[in-house]
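These protein sequence lines map, in sequence, to chains A and B. Just so we're aligned: 387 in my numbering is position 77 of the first sequence, and the numbers increase by one with no gaps anywhere. Just so we're aligned: 158 in my numbering is position 134 of the second sequence, and the numbers increase by one with no gaps anywhere.
Because the hints were derived from the structure by calculation, they are not lab data. Here a beta-carbon is modelled for each residue, glycine too, at the ideal position from N, C-alpha and C. Please note that a few of the clues may not be correct.
[To be verified] Below, computed lysine-lysine pairings styled on PhoX-like, alpha-carbon distance capped at 25 Å: (1) A:Lys370 - B:Lys81; (2) B:Lys298 - A:Lys400; (3) B:Lys380 - A:Lys342; (4) A:Lys342 - B:Lys298; (5) B:Lys143 - B:Lys108; (6) B:Lys143 - A:Lys406; (7) B:Lys380 - A:Lys403; (8) A:Lys400 - B:Lys108; (9) B:Lys143 - A:Lys417; (10) B:Lys298 - A:Lys396; (11) B:Lys108 - A:Lys406.
[To be verified] From the derived model, a few chain A residues whose C-beta atoms are all more than 10 Å from chain B: (12) Arg364; (13) Lys403; (14) Gly408; (15) Ile433.
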Amino acid sequence: MKKGDIFLIILLLIAAVLWFGKDVFWVDSAHKQAVIIVDGQVYATLPLSSSKERSEIPVKLPGNNYVHIISEKDQIWVENSSCPDKVCVKTGKIAKAGQSVVCLPNKTIVYIEGSEKQEVDDISF
Amino acid sequence: MNFQKLKLTKAVKPVNFIIFIFAFYVFISFVFLTGCTSKDNSEPVSRSAFMMGTLVKLTIHDPHFKDETVFDRAFARIAEIESKMTINAEGGESEIVRLNNFAGKDFLRLSSDTFYVLKKAVHYSEISGGKFDVTIGPLVKLWNIGTEEAAVPTEQQIAERLPLVNYQNLILDEQNSSAILAKAGMLVDLGAIAKGYAADELAKIFREAGVKHAIINLGGNILTINQKPDGSTWKLGLQDPLEPRGDYMGIVMLKDQTLVSSGTYERYFEADGKRYHHLINPQTGYPENNSLMSVSIIGKHSIDADALSTAVFLLGLEKGLQLIESLPDYEAIFITTDKKVYVSSGINAENFQITKEEYQLQ
């Protein structure tokens, strides 16, 4: 076996490990996305990453109701809503996978989905 | 000949190594893909709906369970419970609305569902010395927390309502499955217990249908069925009271148990820079202003854990802990406003871990 062979073998081994390891070790914020659910249906999904520009998602609902959602960089929040309690607006900005903003009166949920493995099965609140 | 042999060796050896690398590849991919395959098989099936004034999420983690009609039966059961116990008059007159309308007049016959929940509610009113009070309705209605009309009432308004709040004036007649509120103007409110009952009823439906692994989540009240498909305990994040929903400060490990939290962060409004949360002390008429931000109860039945989370919160750290220690089947985790964490005697490193450094276990 020549030097070149050993070099080739090592190179291929490294490539093999990297290829299969990348999903496990390489967790990037670019894999984060926000999901907007309205009355049980997915209304929109949008990637959240640091390079992303500000985007506004005005969710229009029956009876002149609305939930105005804004995402900027890796954050998303409810800017305004027609609901009486404004719990969703008060929740503030969310940025981490697993976090959510819920507007019960408007049956709207915004949550962040990450590619990283979730440490917990659900949240008690 | 010799030359040929040499050439052959030179040609074959790298091929062998390429085969070796392929074998390595296959081995690695086998390890990873089997991981993925078993994950795919047990990919949980989830259904959500807005019911009982909250988000209901049912998740079955059972690779062998295919009968998804169980979700329909579960949601139908919640709708049934809601229609009996809601205090919102929309969508017909519930048994509780009728019971309230009969206050000071006559006994009302109730379904076994409603009677059972009332009986449990009276029990927890009793053992908490009235800190949990099933007749808190007049105060809840006055404060209106969680609605557009939420506003700080006057002292006089509160003084007027207080005499109407007393669980001892809710009289239950077990033989006839009926009840009466002794004074006109009294109002029963099952908001602090009905979701727990619903979770227990959904667990029954799931078990009868043969579901082996599931999480029932009624607006943050969690009930787990058995353990995870791989035999390990369920891991539930415990809400950080100071952060947006979904951000947790610790992990609770459950196996065939329920976890119910009550906290000042759940529902509140602000007026004149002051925060008024929904956990009203039935004896003062005001949101309870003790050292606690949240109380979480762990135990077997959700109806009990639901009532206990409110009762123990309102009792405060010391008396709440005393009550929990007197109940062998229930445990509690307390978070104080200065981020200290107190636990009952059955909570240990096996079933609870704090994941945020700023929270200090006492």
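Distance restraint between B:Lys380 and A:Lys403, which requires alpha-carbon spacing of 25 Å or less: holds, 20 Å
Given hint B:Lys81 paired with A:Lys370 - CA-CA distance at most 25 Å: holds, 24 Å
Pair hint outcome, B:Lys143 versus A:Lys406 [Cα-Cα no greater than 25 Å]: violated, 42 Å
Status of the stated non-contact between A:Gly408 and chain B (beta carbon gap over 10 Å): Nearest chain B Cβ is 5 Å from A:Gly408, so the label is violated.
Straight-line alpha-carbon gap B:Lys108 to A:Lys406, limit 25 Å: violated, 39 Å
A:Arg364 and chain B, when compared Cβ to Cβ, separated by more than 10 Å: For A:Arg364, whose nearest Cβ neighbour in chain B is about 19 Å away, the distance exceeds 10 Å, so it holds.
Hinted pair B:Lys298 and A:Lys400, Cα distance within 25 Å: holds, 14 Å
Straight-line alpha-carbon gap B:Lys298 to A:Lys396, limit 25 Å: Distance ~16 Å between B:Lys298 and A:Lys396 Cα, so the pair holds.
Assertion that A:Lys403 lies outside the chain B interface [Cβ separation over 10 Å]: The assertion about A:Lys403 is violated, with a minimum of 8 Å to chain B.
Proposed proximity, B:Lys108 with B:Lys143 (alpha carbon, max 25 Å): With Cα atoms ~15 Å apart, B:Lys143 and B:Lys108 stay inside 25 Å; holds.
A:Ile433 non-interfacial with respect to chain B [C-beta, more than 10 Å]: violated, 4 Å
Distance restraint between B:Lys380 and A:Lys342, which requires alpha-carbon spacing of 25 Å or less: The given pair, whose Cα atoms are some 22 Å apart, holds under the 25 Å limit.
In terms of the numbered hints stated before, the structure departs from hints 4, 6, 8, 9, 11, 13, 14, 15, listed from lowest to highest.
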